[in-house]
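Colleague: So the chains spell out like this:
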Amino acid sequence: MARLTAVLATTHHPFYLKATTAPPEERMPQADEWQQKVEAYRATLTAAEPDILVMVGSDHFHQFFYDNYPTFLIGKQAKYDATFYNEEREFGIPKYVLDGDEDLSGFMLQGLLDRGFDFSVSHELKIDHSIICPIITTRPQADLPVVPIYTNIFAPPLPSPKRFWDLGRAIREIIDAYPTDKKIAAVGSGHLSLELGGPRQFHETGPDPVFDRQAIEWLSEGNIDAILENVTMESMSKAGNATHGFLDLILMMGIAGPEKASYVDSLDLFHTMEMYMTWYPEGDPR
Amino acid sequence: MSKYYVNKFLFTVDRDPKLLAQYKSDPAGLVAMWEKEIGPALGQGGNAVEFTTVHSLTDEERRALVEHDYVALFEMGAHFFLNLTIMIALYDEEFMKRSGPLSFQIEMAKKLSHWKGREYPSIQI
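As given, the protein sequences belong to chains A and B, one line each in that order. For the first sequence, the numbering used here assigns the number 1 to the initial residue and increments by one for each residue that follows. For the second sequence, the numbering used here assigns the number 287 to the initial residue and increments by one for each residue that follows.
A few of these clues could be false.
[As the list claims (entries may be wrong)] Some but not every residue of chain A turned toward chain B, in silico, with C-beta under 8 Å:
1) Phe-61
2) Tyr-69
3) Pro-70
4) Asn-86
5) Arg-89
6) Phe-202
7) Glu-221
8) Ala-242
[Said to hold, decoys possible] Derived BS3-like pairs: lysine-lysine, alpha-carbon spacing no greater than 27 Å straight-line:
9) B:Lys-397 - A:Lys-238
10) B:Lys-289 - A:Lys-238
11) B:Lys-289 - B:Lys-310
12) B:Lys-304 - A:Lys-126
13) B:Lys-289 - A:Lys-18
14) A:Lys-238 - B:Lys-383
15) B:Lys-310 - A:Lys-95
16) A:Lys-18 - B:Lys-383
17) B:Lys-397 - A:Lys-95
18) A:Lys-18 - B:Lys-402
19) A:Lys-238 - B:Lys-396
20) A:Lys-126 - B:Lys-289
21) A:Lys-18 - B:Lys-396
[As the list claims (entries may be wrong)] Ranges between beta-carbon positions, derived for each pair:
22) A:Ala-226 - B:Lys-383: 42 to 52 Å
23) B:Ser-342 - A:Met-1: 32 to 42 Å
24) A:Val-97 - B:Arg-349: 35 to 45 Å
25) A:Ser-160 - B:Ser-342: 26 to 36 Å
26) B:Gly-331 - A:Val-97: 16 to 26 Å
27) B:Tyr-290 - A:Lys-162: 23 to 33 Å
The set of hints was computed from the structure by calculation and includes no laboratory data. We treat Cβ as the ideally placed atom computed from N, Cα and C, and that holds for glycine.
Start from the sequences and build out the full structure, keeping to the hints where you can.
Modeller: Written out as structure tokens, the structure reads:
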């Protein structure tokens, strides 16, 4: 059976690459600290020596739109293009072609259907920055096959926090049951409090630093009960209009289970708090 | 009101550099062309035969799109990500030259500041 050697839950900040590769005269003051934190976080994935990455993200109206926006979708392809024109334009993120793992995608899809998660499947999926940002931060050589899973945290109405948790639990069962000698890591990205296109965007801190600290504490302790008691669509909206990306972090904790994280770090950046969290289901290999 | 159609406009124009350039240089012309040729193509287009005949912009939606009126678009419930991204594409560079990084985004936030502490217009369709 497969070994799940690491689960990573992180915020994704599309400007990381630009900020840390800018010429010295344009480099933002926090770039060095940001880069150090990201490289330390990267080492938590490297230490798990994964062979395959199960990746969780959400399409930001790059491929999918309101004409048919999937609630949950998995890609099943041998290769995936990544990065859209408007992401290159705005964020300076380069294009990639990632290898896929069709066998695990198929096994995952069937396993999800068997467990009551009626996923959509795409055979022409182009990956956006919700998956490429964590590739850039945690596996910049982009050399591992991926199984991309998309959720709807973006076009309401959204599935409930409980549904995201349950989906994470189902993904964990399926990974544990996958017949292979390979080591799998799950890497997913989302957000803490975030405001985009509203009056609280791009302030000195994220829109709700109190929520951010609380959310990190809940996740790092595996405290799903507190999350399900306190986090609702309304409470996330109050913390910032794009805070619903937190649902994908709940999903990642679902893959890890109600366990304490082995690695927890954060960075207070302009307009957002970044979070870097890793669980080691088999124990810490470092 | 057609939140869907307003979002379809923002989505289809933002992802096409030629349409985006026209939206900057001749917004009224681009909006008129879009309503005739791009909006009616079913879904994301790509087929010259299948059309949607059931969506249209209201006068106020058309005005807001022609005038790049992101406050009105926010108040109509246009999706925040589309509204922000396309306006950054149109204005970020000139604001940056004039007033430095993120100055457009900060101005946008200021112009929406009357919504602070209130429930925002719903983006749900």
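Colleague: Taking 8 Å as the limit, does the beta-carbon of Glu-221 (chain A) come near enough to a beta-carbon in chain B?
Modeller: violated, 31 Å
Colleague: Given the proposed pairing of Lys-238 (chain A) with Lys-396 (chain B), does the C-alpha separation stay at or below 27 Å?
Modeller: holds, 18 Å
Colleague: Given the hint that Lys-289 (chain B) pairs with Lys-18 (chain A), test it: the Cα-Cα distance must not exceed 27 Å.
Modeller: Not satisfied, since the Cα-Cα distance of roughly 33 Å exceeds 27 Å.
Colleague: Quick one, are Lys-397 (chain B) and Lys-238 (chain A) close enough, alpha carbons at most 27 Å?
Modeller: It holds: about 19 Å lies between the C-alpha atoms, which stays within 27 Å.
Colleague: Hey, Lys-238 (chain A) versus Lys-383 (chain B), does the alpha-carbon distance stay inside 27 Å?
Modeller: violated, 34 Å
Colleague: Closer than 8 Å between Cβ atoms is the bar; does Asn-86 (chain A) clear it against chain B? Give me holds or violated.
Modeller: Status holds, d = 5 Å.
Colleague: Would you settle whether the hint for Arg-89 (chain A) is holds or violated, based on the nearest Cβ-Cβ distance to chain B being less than 8 Å?
Modeller: holds, 7 Å
Colleague: Go ahead and decide if the range 23 to 33 Å is satisfied by the Cβ distance of Tyr-290 (chain B) to Lys-162 (chain A).
Modeller: holds, 29 Å
Colleague: Against the 27 Å threshold, does the CA-CA distance of Lys-289 (chain B) and Lys-310 (chain B) hold or violate the hint?
Modeller: holds, 22 Å
Colleague: For the pair supplied as a hint, Lys-397 (chain B) and Lys-95 (chain A), is the alpha-carbon distance within the 27 Å limit?
Modeller: violated, 34 Å
Colleague: Within a Cα-Cα threshold of 27 Å, do Lys-126 (chain A) and Lys-289 (chain B) meet the stated pairing?
Modeller: holds, 26 Å
Colleague: Answer holds if the nearest beta-carbon of chain B is closer than 8 Å to that of Ala-242 (chain A); otherwise answer violated.
Modeller: Nearest chain B Cβ about 7 Å off; hint holds.
In terms of the numbered hints stated before, the structure departs from hints 2, 3, 7, 13, 14, 17, 18 and 23, listed from lowest to highest.
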